[in-house]
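2 protein chains.
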Amino acid sequence: MATAASWKPLLLRALDSNAHLKHSAFFQLVLPPSLACFSYLILIENYVAGDDRLQRKTFQSDGRIQIEEIKHCHFGEICWYFTESWEQFRINGKIDIIDGANSDACKLQQREKAWFASSLKSRLQYLAPAPRLPDISNGSGEENQLDPSEGPVEAFCLLLFDPEQVDYLNLKSNERFIFTSRSSEQGFKLWMSEKVNP
Amino acid sequence: MATAASWKPLLLRALDSNAHLKHSAFFQLVLPPSLACFSYLILIENYVAGDDRLQRKTFQSDGRIQIEEIKHCHFGEICWYFTESWEQFRINGKIDIIDGANSDACKLQQREKAWFASSLKSRLQYLAPAPRLPDISNGSGEENQLDPSEGPVEAFCLLLFDPEQVDYLNLKSNERFIFTSRSSEQGFKLWMSEKVNP
Numbered sequence: 001m002a003t004a005a006s007w008k009p010l011l012l013r014a015l016d017s018n019a020h021l022k023h024s025a026f027f028q029l030v031l032p033p034s035l036a037c038f039s040y041l042i043l044i045e046n047y048v049a050g051d052d053r054l055q056r057k058t059f060q061s062d063g064r065i066q067i068e069e070i071k072h073c074h075f076g077e078i079c080w081y082f083t084e085s086w087e088q089f090r091i092n093g094k095i096d097i098i099d100g101a102n103s104d105a106c107k108l109q110q111r112e113k114a115w116f117a118s119s120l121k122s123r124l125q126y127l128a129p130a131p132r133l134p135d136i137s138n139g140s141g142e143e144n145q146l147d148p149s150e151g152p153v154e155a156f157c158l159l160l161f162d163p164e165q166v167d168y169l170n171l172k173s174n175e176r177f178i179f180t181s182r183s184s185e186q187g188f189k190l191w192m193s194e195k196v197n198p
Numbered sequence: 001m002a003t004a005a006s007w008k009p010l011l012l013r014a015l016d017s018n019a020h021l022k023h024s025a026f027f028q029l030v031l032p033p034s035l036a037c038f039s040y041l042i043l044i045e046n047y048v049a050g051d052d053r054l055q056r057k058t059f060q061s062d063g064r065i066q067i068e069e070i071k072h073c074h075f076g077e078i079c080w081y082f083t084e085s086w087e088q089f090r091i092n093g094k095i096d097i098i099d100g101a102n103s104d105a106c107k108l109q110q111r112e113k114a115w116f117a118s119s120l121k122s123r124l125q126y127l128a129p130a131p132r133l134p135d136i137s138n139g140s141g142e143e144n145q146l147d148p149s150e151g152p153v154e155a156f157c158l159l160l161f162d163p164e165q166v167d168y169l170n171l172k173s174n175e176r177f178i179f180t181s182r183s184s185e186q187g188f189k190l191w192m193s194e195k196v197n198p
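Residue numbers (the UniProt record's numbering), protein chains in the order written: chain F, 1 to 198; chain A, 1 to 198.
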């Protein structure tokens, strides 16, 4: 029987109890149909701010290669295993890619905000040669220049992930819960949970 | 320009330099089209034995739920990130699922060997209620019994993963290599590597 409950306290607790492990901040986002799979560093503030959406500033350096296929893929799954507390989260949700061609002014603003929030060093990644293409530099690493006041370059994208279902497995307590969301009439997201066999 | 080289020494080195981190033994196997994604504990001996194939004894407890979709999926990708050495391996390859109905006597033998090689406790997992179905136990955890000399139960499967392409990214040296395999006339697997932009 499903009851009203959110998965967010569980994730916050897992992040907290694994905080001393650097790797606990990493999870993987899996995207069909291409098996594109990335390691991500999550922005935990988004949770603390109470925002359900997971936000990732960039596709790291391989964004330019995979951005096209990801644009046509609107769903993904985040797999997150916490080795200290033996907890696994599989979070299914909608994906929104915001590039410079986006028609939504607010989203373009979010993208710009994310650009200026990232270090100059990480911004410079987007001026480097396109990832996964043959290296023809012959070791000549000529440095790119970037004006700090310059807005996002074309290769820079913002990814938003909006969770819809969460499969939570606790291997210590040997318990498993499936959290499913629906929108209220007011447009709020309501979460229900059901206890399932681990 | 592609040159003959194998990715295995890189992986062995990464496993070695991250050995003190418990989580470095974990990676994720990603399977289309269902976004099925598991956390796995790798059997490192397989590498040391010089076997190219990654072998995983079981699908952990959720095998029974996802086994059907995985049976129809012959390719997968292993994503493995080493947080200490900043190395990422994305290994694409063929998947072989060996259940009790397999027609190959050698493979059935491998499955049986894997069954007896796992602890009685982990074998008992396969007698527990089917994972991800509603929990109707009402907390009454009746214990299953299992004869230690009894062979693999139906739910027990062996997964073999045979790498075909490896994308290696080193974020410390900022280098990236794509390793691609082909079979020699003698049926051996030959690996070529190409340096690409990180």
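Hints in this document: simulated from the structure, not taken from any laboratory. Errors might be hidden in some of the hints.
If several chains are the same, the list does not tell them apart, and a pair holds so long as it fits within one copy or across any two.
Calculated pairs, BS3-like style, for lysine-lysine (alpha carbon to alpha carbon, straight line, at most 30 angstroms) [as the list claims (entries may be wrong)]:
hint: 1; residue 1: Lys195; residue 2: Lys113
hint: 2; residue 1: Lys121; residue 2: Lys189
hint: 3; residue 1: Lys172; residue 2: Lys107
hint: 4; residue 1: Lys195; residue 2: Lys121
hint: 5; residue 1: Lys107; residue 2: Lys195
hint: 6; residue 1: Lys22; residue 2: Lys172
hint: 7; residue 1: Lys121; residue 2: Lys172
hint: 8; residue 1: Lys94; residue 2: Lys8
hint: 9; residue 1: Lys113; residue 2: Lys172
hint: 10; residue 1: Lys8; residue 2: Lys22
hint: 11; residue 1: Lys8; residue 2: Lys107
Please read all numbers here as calculations on a predicted model, not as lab measurements.
Task: Alpha-carbon proximity context of Lys121 and Lys189, limit 30 angstroms - done: neither (37 angstroms within a copy, 40 angstroms between copies)
### Message
Please sort Lys113 with Lys172 into within, between, both or neither, judging by C-alpha distance up to 30 angstroms.
### Response
between (40 angstroms within a copy, 28 angstroms between copies)
| said: My question is about Lys22 and Lys172: at a cut-off of 30 angstroms on alpha-carbon distance, are they close within one copy, between copies, both, or neither? | reply: Both, since 21 angstroms and 16 angstroms are each at most 30 angstroms.
Notebook entry, point to check: Is it within a copy, between copies, both, or neither that the alpha carbon of Lys121 lies no farther than 30 angstroms from that of Lys172?
Noted result: Only across copies: Lys121 and Lys172 sit 14 angstroms apart there, 41 angstroms inside one copy, limit 30 angstroms.
Alpha-carbon proximity context of Lys172 and Lys107, limit 30 angstroms: neither (41 angstroms within a copy, 33 angstroms between copies)
- Given identical chains, is Lys8 near Lys107, meaning Cα to Cα at most 30 angstroms, within a copy, between copies, both, or neither? This pair counts as within: shortest intra-copy Cα distance 24 angstroms, inter-copy 43 angstroms.
Within, between, both or neither, where Lys8 and Lys22 count as close if Cα-Cα is 30 angstroms or less: both (20 angstroms within a copy, 26 angstroms between copies)
Homo-oligomer pair classification [Lys121, Lys195; C-alpha up to 30 angstroms]: Between copies only: 23 angstroms across, 45 angstroms inside.
**Q.** Within, between, both or neither, where Lys195 and Lys113 count as close if Cα-Cα is 30 angstroms or less
**A.** neither (40 angstroms within a copy, 34 angstroms between copies)
Homo-oligomer pair classification [Lys8, Lys94; C-alpha up to 30 angstroms]: Intra 17 angstroms, inter 36 angstroms, cutoff 30 angstroms: intra-copy only.
message = Within a copy, between copies, both or neither: which one fits Lys107 and Lys195 at a CA-CA cutoff of 30 angstroms?
response = Neither, since 37 angstroms and 36 angstroms both go past 30 angstroms.
In terms of the numbered hints stated before, the structure departs from hints 1, 2, 3, 5, listed from lowest to highest.
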